[in-house]
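Chain A is fixed; fit chain B onto it per the hints.
Protein chains in written order, with the working numbering: chain A, 17 to 177; chain B, 695 to 1197.
For the record, the hints were derived by calculation from the structure and aren't laboratory data. Do not take every clue at face value.
With the C-beta cut set under 7 Å, the calculated list includes, among others, these residues of chain A facing chain B [to be verified]:
1) 41
2) 62
3) 64
4) 111
5) 115
Computed far set for chain B versus chain A, every beta-carbon distance over 12 Å [what the hints assert, rightly or not]:
6) 714
7) 1032
8) 1042
9) 1172
Among chain B residues calculated to face chain A with C-beta under 8 Å, some are [unchecked claim]:
10) 860
11) 864
12) 867
13) 874
14) 878
15) 880
16) 916
17) 1086
18) 1090
19) 1095
20) 1107
21) 1111
22) 1115
23) 1116
24) 1153
Even for Gly, the Cβ is constructed at its ideal location relative to N, Cα and C.
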Amino acid sequence: MRSDTGFGLVFAVLGLSIVVSTFTLPERLFDFVGPRVFPQVIGTLMFVFAAALIVKDIRSHRLLAGQPAYGSGEAGKSEAAAQAGERRPAVALLLLLLSSAFALALPRIGFFASSLGFLAVSMMVLRGPRPARLAHVATLAVLLAGAMYLSFEKLLGVMLP
Amino acid sequence: MSAGPVAEAIQVFLAPDLLLWLLVGAAAGILIGALPGLTAVMAITILLPFTFTQSAERGLAILISVYTGGMSGGLISAILLRMPGTPSSIATTFDGYPMAQQGRAARAMGVGILASFFGTVVGALLLTLAAPPLARFALSFGSFEYFALSLLALSVMVSLSGKSVLKGLLSGLLGLWIASIGSDPVEAVPRFTLGLTELQGGLALLPVLVGVFAVSQVLRESEHVNKAYLLPPTNYRGFLPSLRELRAHVGNAIRSALIGVYVGALPGTGGDVAGLLAYDWARRRSRHPERFGQGAEEGVVASESANNGVIGGALIPTLTLGIPGNAATAILLAGLTIHGLNPGPFLFRDHKELVYSVFAAVFISAFLVLVVQLLGIRLFVGALQFPKHVLLPVVLMFCFLGSFALNNRIFDIWVLIVFGVLGYVLERGGFPLGPLVLGVILGPIAENHLRIGLMTSMGSFTPLFARPLSLAILVLAVASFLSPLVREWQQRRAACRKGAALA
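Looking at chain A on its own, in the form it has when it is part of the complex:
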């Protein structure tokens, strides 16, 4: 699915949902606008602009359909492949999962342990193809977690779990 059309559909559904859900709100209690109006305007405009984005995307693809695509030759293919090879979305996903694990672990095992784990594992994940020396990473993680704990809890007075 083309990305602009996909995003347009998501925004259109969101806009529609916003408008529909405002009907569960009271019309107004004591002011002249009430709690519904702003979200309704936002949702309606979102739906309209999303529809316009979808239409624009479909029309632009129809126009291009009759023309040779830019970069469709061998040079273009290898350039696209090179660009795809440079990016690894899986690493971003891993980092996201580690962040979520940190948020889950923080209230259960405390700041020091959860941050130590997060720092150590994420440094290893981000090192990529270069070999990681476990002792080096572990030492760095301990020092960083300790420094953050001391500076936030002891120096700045932020109570950490």
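Same frame as chain A, now just chain B:
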């Protein structure tokens, strides 16, 4: 108000021990302001207790130096990491980071630091010389004027949209909707809370902002596994502009600083709105608007001059009327109250020395922050020479800690992560993040003031168009909204005609 007593106060402040305190305050403010997830407001809040043992003049002076440092420090991470250290530095990321990516990080910082200094000094000058009339101007703003101003600021969405106005508007509308989550501002009816108690108060701005900019940027950088460092090598030659180059920036800097002072003087608006408005105006007035967003120095000058002009501007209603100009000055007000002083008209009459010391503190802080930042440029840029696999987790940790420290809630860390994903996905789809943040900041202001205004006018929109100030701002807003669209239409027509002529 004359400058003579202020000069005397400055001399008092040049005592070595007080100067040292101010230097430490400025450095602490810069450090906290530079870290994504921590803000200038946090810096003042955290350091407020340290001032209890000082006299009122000294305590306030130290807090002002922390505030000035914090507002200026935000440019460091905005330029080097594309993560605004404070909300005021959002607009600095638009051109500061592209400059850093082009190997011009030192130049971006040099220009930004000088612009910050200039903005602070202009704000301090207006505070010293014209505080009472500016305060009266700020008081003349009623609800309809605030609503019109928020529409003007929202119209900046169109300019920030880049290539696709539709995507920019959708991004902005998403931000407006996000801002409506929570209890509605007038009738306290819960909206879109999904039954969660944590959402009753709405989403805090900090985790949303840091998530959208900083966390999404970390996720994007993490994808490039073959890139070991975040920035290319930086050229330090010519990091400070020459006199000729400075002259070229003076008009933009003055205009932006004045925008900062006026916006800062309005209670409820701050450096974020000022920086974005000034950036938009600079782009419209530039001979090369197409360079904005690609590494234009003018963009950095506009944003930093405006957000530091807010410092002086926000102190105007704080000192003259006892009404805080923004969250930071609200804490300064608390500091004054703790020392047994009542801000307002009587402060000028009964405690003139304190007022002069505040003015002096702003001037001295501006110089101290300038010196610390200029001397620290190599250190700041050098810190980015740490490998990416160490820097990115550390940056994320500061984002987590900053969000958690706000309300001591794990929920805010989850908000940070969710908005990090949202920012990442939106940018992959070509949706600009500036309009989204604009919507989040301005949504509550626009809705709140329109509804209050209509309550006072018994449901009539007439005052919106009948009051000269609100009408003038409204006309500006409409022009600001339409002009990029008209320009784009004219360019397309010209391109069609050229194509037809060639054919």
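Hints versus structure:
1. 41: Holds, about 6 Å.
2. 62: holds, 5 Å
3. 64: violated, 10 Å
4. 111: Given a least distance of 5 Å, the restraint on residue 111 of chain A holds.
5. 115: The hint holds - residue 115 of chain A has a Cβ within 7 Å of chain B, the shortest such distance being about 5 Å.
6. 714: holds, 19 Å
7. 1032: holds, 17 Å
8. 1042: About 34 Å separates residue 1042 of chain B from the closest Cβ of chain A, which puts it past 12 Å; holds.
9. 1172: holds, 16 Å
10. 860: holds, 5 Å
11. 864: holds, 5 Å
12. 867: At about 5 Å, which falls below the 8 Å cut-off, the nearest Cβ of chain A leaves the hint on residue 867 of chain B intact, so it holds.
13. 874: holds, 5 Å
14. 878: holds, 4 Å
15. 880: At about 5 Å, which falls below the 8 Å cut-off, the nearest Cβ of chain A leaves the hint on residue 880 of chain B intact, so it holds.
16. 916: holds, 5 Å
17. 1086: Holds, because the Cβ-Cβ distance from residue 1086 of chain B to chain A comes to roughly 6 Å (cut-off 8 Å).
18. 1090: Check passed: Cβ of residue 1090 of chain B comes within 7 Å of chain A, closer than 8 Å.
19. 1095: With a closest approach of 6 Å, the residue 1095 of chain B hint holds.
20. 1107: holds, 5 Å
21. 1111: holds, 5 Å
22. 1115: holds, 7 Å
23. 1116: violated, 11 Å
24. 1153: Hint holds; residue 1153 of chain B Cβ to chain A Cβ min 4 Å, cut 8 Å.
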